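**Student:** Read off the chains here:
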Amino acid sequence: MLASLNARALVLSLVLLAVFLGLWEAASPKQELAGELTEYELLMGGAEPKAAVPPPSDVIAKAWEELSNPFYDAGPNDKGIGIQIGYSLYRVLSGYFLAAALAIPVGFLIGMSPLMYKALDPFIQVLRPISPLAWMPLALFVIQDSQASAIFVIFICSIWPMLINTAFGVAGVRKDWVNVARTHELGAFKTAWIVILPAAAPTILTGMRISIGIAWLVIVAAEMLVGGTGIGYYVWNEWNNLDLTSVVFSILMIGVVGMLLDTAFAYCARLVQYQE
Amino acid sequence: MSTPFLSLQNLSKRFQAPKGGEALTVFENVNLGIEKGEFVCIIGHSGCGKSTILNILAGLDEPTEGAVIMNGKEVSGPSLDRGIVFQNYSLLPWLSALKNVTFAVQARYKSWSKKQVHDHSMKYLEMVGLAGGAELRKPSQLSGGMRQRVSIARAFAIQPELLLLDEPFGALDALTRGSIQDELIRIWSGSDQTVFMITHDVDEAILLADRILLMTNGPYARVAESVQVDIPRPRERANIIHHSDYYDIRNHLVEFLATRSKELAGKQEDGVLAEPSVVRFGAHGVITDPKDNRKPATSRAE
Numbered sequence: 066m067l068a069s070l071n072a073r074a075l076v077l078s079l080v081l082l083a084v085f086l087g088l089w090e091a092a093s094p095k096q097e098l099a100g101e102l103t104e105y106e107l108l109m110g111g112a113e114p115k116a117a118v119p120p121p122s123d124v125i126a127k128a129w130e131e132l133s134n135p136f137y138d139a140g141p142n143d144k145g146i147g148i149q150i151g152y153s154l155y156r157v158l159s160g161y162f163l164a165a166a167l168a169i170p171v172g173f174l175i176g177m178s179p180l181m182y183k184a185l186d187p188f189i190q191v192l193r194p195i196s197p198l199a200w201m202p203l204a205l206f207v208i209q210d211s212q213a214s215a216i217f218v219i220f221i222c223s224i225w226p227m228l229i230n231t232a233f234g235v236a237g238v239r240k241d242w243v244n245v246a247r248t249h250e251l252g253a254f255k256t257a258w259i260v261i262l263p264a265a266a267p268t269i270l271t272g273m274r275i276s277i278g279i280a281w282l283v284i285v286a287a288e289m290l291v292g293g294t295g296i297g298y299y300v301w302n303e304w305n306n307l308d309l310t311s312v313v314f315s316i317l318m319i320g321v322v323g324m325l326l327d328t329a330f331a332y333c334a335r336l337v338q339y340q341e
Numbered sequence: 004m005s006t007p008f009l010s011l012q013n014l015s016k017r018f019q020a021p022k023g024g025e026a027l028t029v030f031e032n033v034n035l036g037i038e039k040g041e042f043v044c045i046i047g048h049s050g051c052g053k054s055t056i057l058n059i060l061a062g063l064d065e066p067t068e069g070a071v072i073m074n075g076k077e078v079s080g081p082s083l084d085r086g087i088v089f090q091n092y093s094l095l096p097w098l099s100a101l102k103n104v105t106f107a108v109q110a111r112y113k114s115w116s117k118k119q120v121h122d123h124s125m126k127y128l129e130m131v132g133l134a135g136g137a138e139l140r141k142p143s144q145l146s147g148g149m150r151q152r153v154s155i156a157r158a159f160a161i162q163p164e165l166l167l168l169d170e171p172f173g174a175l176d177a178l179t180r181g182s183i184q185d186e187l188i189r190i191w192s193g194s195d196q197t198v199f200m201i202t203h204d205v206d207e208a209i210l211l212a213d214r215i216l217l218m219t220n221g222p223y224a225r226v227a228e229s230v231q232v233d234i235p236r237p238r239e240r241a242n243i244i245h246h247s248d249y250y251d252i253r254n255h256l257v258e259f260l261a262t263r264s265k266e267l268a269g270k271q272e273d274g275v276l277a278e279p280s281v282v283r284f285g286a287h288g289v290i291t292d293p294k295d296n297r298k299p300a301t302s303r304a305e
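Sequence order for the protein chains is A and B.
Be aware that the first sequence starts at 66, since it is given in my numbering, and climbs by one per residue.
Be aware that the second sequence starts at 4, since it is given in my numbering, and climbs by one per residue.
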């Protein structure tokens, strides 16, 4: 009686999770209720517990509290996790789609024209390895707006995988298929639409998926720098508040949202996938 | 002598050697005429440039010298007037079988309504036995034989003036090949389609062709002979082997491929006849007449 592979994998995952949480819980020092208060503690109004990595039970309690009311807004320093993530997603998606709007057409051009490929290649090779955060000071100076600068940083980091994958996918379209377009006298636009785009779509989607992953990585760091709102700011703010439970909780949320973004793009990639 | 429907004039293909050595001549001085409605097969060893000739006819490749004239106009670039079926089917894998045909029909008949395009495409898919749901499948969900049927349906559906078949059955097993050959002959008989086909299969050539062109080995390949197949139509695979000419023709072809394609290979002296000699079989045995060129096969029964 062998259960399906998926079912067995699920059971194993749950076991590993339980073991991990158990060890973590056991390793967390219990906050002892101080028997006698020192003079300092008395001055501080009672026992101030020592800061320590919180046990998972605290994190789960925190998660329950936060997720049951994710959209409250109690001033600039106290907003619900839903609002923070919303700000981050807004920045990521606007920077990302601006990048897609530029990278995919330019990628098409580079893929179709060896001349453009050779002409633009040196620029791409120099610009691509630059850490997106290195652009931040320049962006802040030129744009003079921290919100827009964060979006610009996302834009600049999302552009390269999409650009390169689009060019690669377009250049690699099988000659047979291009010949099908030629022998049926399809014009340039129809050839792009009926043959090149569907043929290159899986490669383009792979580039888009890599880009959204990188954009989500970068937004956390960017928001730590620009501050104000967003999940990256939230992490840093809770660190300043020495609220490690919230820090751990928000780290988990970053992971979950990143996974959801990736899953969404994986689903889109499956839609355009074809089998030869 | 009137100009044939399709004529290949002094066609040569050379590839520049790297570092300025002597250019590699694949074939040269290919002179041919093909009449409207004729079914012509071309046979030769790999590397003799048959596929290059076909690609030049298609407009996908260009000759180094010479020209192709179809209907009084020089061929330059691909056109819907020349339909092609490749050995590897060349279907677009992200489109269903039906869509693979409709996009071509739409490209050919731009003014047609969606319904006209659909009905016309279905008519040809039904001719090759793809209907009842199979037309909605993607090529990857079809067998090799089915894919080639779609490809043939597409080529016939655009009703080109010249149909080019590049070893269309090369990748298929013998049984599938036989049944698609029958279908091809059936569809072709109902049209006045001119066909130029590459094959490696001698029996296939005799079954299908009005005329079989034999190429010598490359480099410096040329079309050495043009064998007339006067076996009356309709031909069937089961009966054709009993025709008195069948084995004469077959032996002639096999013998050419086995020995003479090699003996005749190599560069020709200037002034040597540029057109293939015509070979006929009949009650009197083999007749070879170098001057009797471009005689159209008219023994087409309906």
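Among the hints, a few may not be true.
To be verified - Each computed SDA-like pair below joins lysine to any residue, with the alpha-carbon atoms no more than 25 Å apart:
{"hint": "1", "chain 1": "B", "residue 1": "Lys141", "chain 2": "A", "residue 2": "Pro267"}
{"hint": "2", "chain 1": "A", "residue 1": "Lys255", "chain 2": "A", "residue 2": "Gly278"}
{"hint": "3", "chain 1": "A", "residue 1": "Lys255", "chain 2": "B", "residue 2": "Leu178"}
{"hint": "4", "chain 1": "B", "residue 1": "Lys117", "chain 2": "A", "residue 2": "Trp258"}
To be verified - Sample of chain B residues lacking proximity to chain A, with all beta carbon distances greater than 10 Å (derived):
{"hint": "5", "residue": "Ser15"}
{"hint": "6", "residue": "His48"}
{"hint": "7", "residue": "Gly50"}
{"hint": "8", "residue": "Pro81"}
{"hint": "9", "residue": "Asn91"}
{"hint": "10", "residue": "Ser93"}
{"hint": "11", "residue": "Trp97"}
{"hint": "12", "residue": "Leu98"}
{"hint": "13", "residue": "Ala107"}
{"hint": "14", "residue": "Ser114"}
{"hint": "15", "residue": "Gln119"}
{"hint": "16", "residue": "Gln162"}
{"hint": "17", "residue": "Arg189"}
{"hint": "18", "residue": "His203"}
{"hint": "19", "residue": "Ile234"}
{"hint": "20", "residue": "Arg283"}
Claimed, not checked - Using C-beta positions, here's what the derived DEER-type ranges look like:
{"hint": "21", "chain 1": "A", "residue 1": "Ala253", "chain 2": "B", "residue 2": "Ala70", "range": "23 to 31 Å"}
{"hint": "22", "chain 1": "A", "residue 1": "Lys255", "chain 2": "B", "residue 2": "Lys118", "range": "18 to 26 Å"}
{"hint": "23", "chain 1": "B", "residue 1": "Ser116", "chain 2": "A", "residue 2": "Leu185", "range": "54 to 62 Å"}
{"hint": "24", "chain 1": "B", "residue 1": "Lys265", "chain 2": "A", "residue 2": "Val337", "range": "47 to 55 Å"}
{"hint": "25", "chain 1": "B", "residue 1": "Lys265", "chain 2": "A", "residue 2": "Pro179", "range": "35 to 43 Å"}
Keep in mind that the hints were calculated from the coordinates and are not lab data.
None of the values given here were measured: they were computed from a predicted structure.
Note that beta-carbon positions come from the ideal geometry of N, C-alpha and C, so glycine has one too.
**Student:** Check the structure against each numbered hint from earlier and tell me which ones fail, lowest number first.
**Tutor:** Failing hints, ascending: 2, 3, 8, 9, 10, 11, 12, 13 and 23.
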